[in-house]
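Chemist: Since chain A is already given, all that's left is putting chain B on it; use the hints.
Protein chains: 2
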Amino acid sequence: MADYIPSMDLIEPASKGETWAVARLISRAEANMSEVREAIGEIYRRAGNAHVIGLTGVPGSGKSTMVAKLVHKLRAAGRRVAVVAIDPSSPYSGGSILGDRIRMSDLALDRDVFIRSMATHGSVGGMAHAALDVVDILDIAGFDKIIIETVGVGQDEVEIANASHTTVVVSAPGLGDEVQAIKAGILEIADIHVVSKCDRSDSNKTMTDLKSMLRDGIGHGVQPNWRAPVIGSSSFQEEGFDELVAAFDKHLESLEGEPGRARREQISSFRLRKAAEALMLERFEAQSDFDGAATDVAARTVDPYSAAETLVRNFSSEASS
Amino acid sequence: MADYIPSMDLIEPASKGETWAVARLISRAEANMSEVREAIGEIYRRAGNAHVIGLTGVPGSGKSTMVAKLVHKLRAAGRRVAVVAIDPSSPYSGGSILGDRIRMSDLALDRDVFIRSMATHGSVGGMAHAALDVVDILDIAGFDKIIIETVGVGQDEVEIANASHTTVVVSAPGLGDEVQAIKAGILEIADIHVVSKCDRSDSNKTMTDLKSMLRDGIGHGVQPNWRAPVIGSSSFQEEGFDELVAAFDKHLESLEGEPGRARREQISSFRLRKAAEALMLERFEAQSDFDGAATDVAARTVDPYSAAETLVRNFSSEASS
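Same order as they appear, the protein sequences are chains A and B. Sequential numbering of the first sequence, starting at 118, is according to our numbering. Sequential numbering of the second sequence, starting at 118, is according to our numbering.
Chain A on its own, in the form it takes in the complex (with noise of 0.2 Å):
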């Protein structure tokens, strides 16, 4: 590999918007390569200037087709925009969704658009570290507005997008028991709520109920300085767009001082978190001997919870020789 450029070398090319240079330090952060850990520790000291908005939602919701009109909107309002969509997808065989993805190809030749798709490959927690560092790659990068898109099941999902300035949550008419359940879960971190496909009869009821439950002091989000407003689109009419797009300045505008530091605090807090508890997880993984006393597990000699305790005991007097 005569043309291998080190991963601290690129830093400078990406920070001045070089595409092959940000493709690449993302294509290895997303590896997790070693390589690329002392300059992903340099670009996170670098990075903190876009605006990064989370917006999330459960499958059948419209968030994608939403995220690509999205895109045309900021363009158009000359803004350079990314988009980092976590996919869920097979945690055996992988398969990403496409289909979502090439809706927004239209824009492949656009310098200003940078849009990636991850795959989570069954491992959405090692996926957040890899998603935010992709997030301040872009950053550095220059892009003003990044929009990170997650499937609104799972805790991880719902932290991802949460560990952004601005987070969205989009609802959609006309869905089931059971993913209005699900639904529920994500509607309190909402800083601004919207409902899709604002051109079906029924999405006044979906409105509706926002509405109330937002009346009843449910679904304002965290910041206390701000109500989460509630806004109505349609990709297929071109609606709400406009609407959305001042919604993301008006509350990055909120953010200024105190519930901006609180925010950025937050953020900081979840990446620490996951972080030290996953180089924790591979020391301690390393250095006990998981099989043989999962073989006694089996065997119902021993209860896990006695076996984790034996194996916990082990690795800290371990670290003391």
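Heads up, some of the hints might be wrong.
Partial selection, computed: residues in chain A whose CB lies under 7 Å from chain B [to be verified]: (1) 403; (2) 414; (3) 415.
Computed list of chain A residues with no C-beta within reach of chain B, every gap over 10 Å [claimed, not checked]: (4) 137; (5) 148; (6) 161; (7) 165; (8) 176; (9) 246; (10) 316; (11) 317; (12) 354; (13) 366; (14) 371; (15) 378; (16) 385; (17) 386; (18) 408.
Worth flagging that the hints you see were computed from the coordinates, not collected in a lab. The C-beta atom is built at its ideal place from N, Cα and C for all residues, glycine as well.
Modeler: Below, chain B without anything else, positioned relative to chain A:
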């Protein structure tokens, strides 16, 4: 609390199938009370007789209705049946799906049926222990078929369903692209495929798609001496359930000897790993200054990975003192 009975003393009545004792142990296991842990260990060592069936499917696949029908069918065949349903619910305000459970309420007075709905409250990881502890309690209480029902979205939910002797994956016709992609992630853990809603005309396509996938060698699960069948069912027309119950028994037979040993080892390994990881992280977080480190990370003077390194290093040297 004059009538408080220590958990260790509940084991005997629970083993005789006394519902009040079973219910108390389950509530304590679910709350993860420290008093119950010794009893859980003892219960684990006594358990291992029931046939544990994991049943999972994407939202909208009709699996809860299917479980209700299955319970009736298994009861009619003279089996003692228990259901542990892991409900997706708000990570913030709680609120599990009651509707589906209520459909089973006609069984509420049958002593040989036990149905427990567990809300995840956003922490599915922690739920895995509790759910499998509950399965052990039901096991020593003499239930011979125990169904664990989860939404097949998110790594933890899928792992819980897979921590069973027989994993059933429910597919349904007419779900959207995004749901189908999520579904793709769970097909490969199936020992038995069920297509629900076979009264619908578009269910033929779902059956054909699944069968052609199996012909391509995908979706057969991991057990060398077993080929996953595809069973059509209709809860509405009460079709396919005899076949499904027969498939449960046939799969159980296939687990005799080495395949069953391998399966038990895999489940034990999963439970041990979850327990050990939780315990390790609990110790780590109790002894580390996460908040202080997060402040530096928020100020971007240090990146999360370097800060994590420091925390892990400090913990290890702490353990040695």
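Chemist: Hint by hint, note whether the structure agrees.
Modeler: Here is how each hint holds up against the structure:
For the restraint placing residue 403 of chain A at the interface with chain B, the shortest Cβ-Cβ distance is roughly 12 Å, beyond the 7 Å limit, so the hint is violated. Interface hint status for residue 414 of chain A: upheld, as the beta-carbon distance to the closest one in chain B is roughly 4 Å, under 7 Å. The closest approach between the C-beta of residue 415 of chain A and any C-beta of chain B is roughly 4 Å, which is under the 7 Å cut-off, so the hint is satisfied. Separation of residue 137 of chain A from chain B is adequate, the least Cβ-Cβ distance of about 24 Å exceeding the 10 Å criterion.
Every CB of chain B lies more than 10 Å from the CB of residue 148 of chain A, the least distance being 15 Å, so the non-interface label holds. Its beta-carbon lying about 4 Å from the closest one in chain B, residue 161 of chain A breaks the requirement of being farther than 10 Å from that chain. Consistency note on residue 165 of chain A: stated as away from chain B, yet its beta-carbon is not over 10 Å from all of that chain's, at 5 Å minimum. Not every CB of chain B lies more than 10 Å from the CB of residue 176 of chain A, the least distance being 4 Å, so the non-interface label is violated.
With a minimum CB-CB distance of about 8 Å to chain B, residue 246 of chain A fails to clear the 10 Å threshold, and the non-interface call is violated. Once the 10 Å rule is applied to beta carbons, residue 316 of chain A is consistent with being away from chain B; the minimum gap is 17 Å. Listed as a non-interface residue, residue 317 of chain A keeps its Cβ farther than 10 Å from every Cβ of chain B; the least gap is roughly 14 Å. At roughly 20 Å, the least C-beta separation between residue 354 of chain A and chain B is larger than 10 Å, which holds for a residue marked as non-interface.
Residue-level check passed: residue 366 of chain A sits 23 Å from the nearest beta carbon of chain B, beyond 10 Å. For residue 371 of chain A, the condition that its CB be more than 10 Å from all CB atoms of chain B holds, with the nearest at approximately 18 Å. The Cβ of residue 378 of chain A sits about 8 Å from the closest Cβ of chain B, inside the 10 Å cut-off, so the non-interface label is violated. A beta-carbon of chain B is positioned within 10 Å of the beta-carbon of residue 385 of chain A; the least distance is around 4 Å.
Here residue 386 of chain A does not stay apart from chain B, with its beta-carbon only about 4 Å from theirs, under the 10 Å limit. Its beta-carbon lying about 7 Å from the closest one in chain B, residue 408 of chain A breaks the requirement of being farther than 10 Å from that chain.
Checked against the numbered hints given earlier, this structure breaks hints 1, 6, 7, 8, 9, 15, 16, 17 and 18; the rest are met.
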